[in-house]
Amino acid sequence: MDSQTKERIQTLIQSSPIFVFMKGTKLMPQCGFSNNVVQILNALGMSFETFDVLSDMEIRQGIKDFSEWPTIPQVYVKGEFMGGSDILIEMYNSGELKEKLEIELAS
Amino acid sequence: MVQSEAVSSAIRRALPDAQVSVEDLTGGGDHLQVTVVSAQFEGLTRIKQHQLVYGALREDLASEAIHALALTTSTPG
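Going line by line, the protein sequences match chains C and V.
Be aware that the first sequence starts at 52, since it is given in the working numbering, and climbs by one per residue.
Be aware that the second sequence starts at -15, since it is given in the working numbering, and climbs by one per residue.
With the rest of the complex left out, here is chain C:
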């Protein structure tokens, strides 16, 4: 990954307390896994920003290297990688996600 891509990613994840790299957009997710994450964050009433990796090959590959995570979607909270679809679903179902987001966003 070149340093320009890395800088773009760092700027993106700092641009919103909750930032999601996904396939498609909030209104039109292009993949079921990305859709899961959008639905969960909406259900919790969270506001978040997204980036459509299908629109940019540099970011699409770069974010996988950056997070050391091979799949999309990827959720960042306060600049920290929180996980992908499976982890978000698990945390949502256990109630852990709501709790954690409330704590992170309050601080």
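Bear in mind the hints are in silico, worked out from the structure with no lab data behind them.
The beta-carbon is built from N, C-alpha and C at its ideal position, and this holds for glycine as well.
Some hints could be false.
Stated by the list, open to error - Listed next, the stretches of chain V that the computed footprint assigns to chain C, with coverage defined by at least 3 CB atoms under 8 Å from CB atoms of chain C:
1. -1 to 13
2. 50 to 56
Claimed, not checked - For each label pair, taking beta carbons as the anchor points, the in silico distance ranges come out as:
3. C/Asp107 - V/Ser58: 15 to 23 Å
4. C/Pro68 - V/Thr19: 30 to 38 Å
5. V/Thr29 - C/Ala94: 31 to 39 Å
6. V/His15 - C/Glu119: 18 to 26 Å
Given chain C's structure and the hints, the job is docking chain V onto it.
Relative to the frame of chain C, chain V by itself:
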């Protein structure tokens, strides 16, 4: 496309004690539901647990031979 059996054995090479179950969600071999139970996950965050499994499947994921992988990890008992 990869065979479920190949996925299980790749994971067991990385995590020899692992109990692995692979469900092929579409029958096409590229949308998989994988559950891994291993004592090696003890004390690791979920992200680290998943990274261990992804590491074992790095090539198949990079080539998109596996397009979609739903992963659940846990420790035994």
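Taking the hints in turn, this is what the structure says about them:
1. -1 to 13: It is violated: at least three residues are needed, and the stretch -1 to 13 of chain V offers just 0 whose Cβ sits closer than 8 Å to chain C.
2. 50 to 56: Contact hint for the stretch 50 to 56 of chain V vs chain C: holds, 5 residues under 8 Å.
3. C/Asp107 - V/Ser58: 15 to 23 Å: Violated - the Cβ-Cβ distance for C/Asp107 and V/Ser58, about 35 Å, lies outside 15 to 23 Å.
4. C/Pro68 - V/Thr19: 30 to 38 Å: holds, 32 Å
5. V/Thr29 - C/Ala94: 31 to 39 Å: The hinted range 31 to 39 Å is violated for V/Thr29 and C/Ala94, with Cβ atoms some 24 Å apart.
6. V/His15 - C/Glu119: 18 to 26 Å: The hint (18 to 26 Å, Cβ to Cβ) holds, given that V/His15 and C/Glu119 are roughly 23 Å apart.
Consistency note: the structure conflicts with the earlier hints numbered 1, 3, 5.
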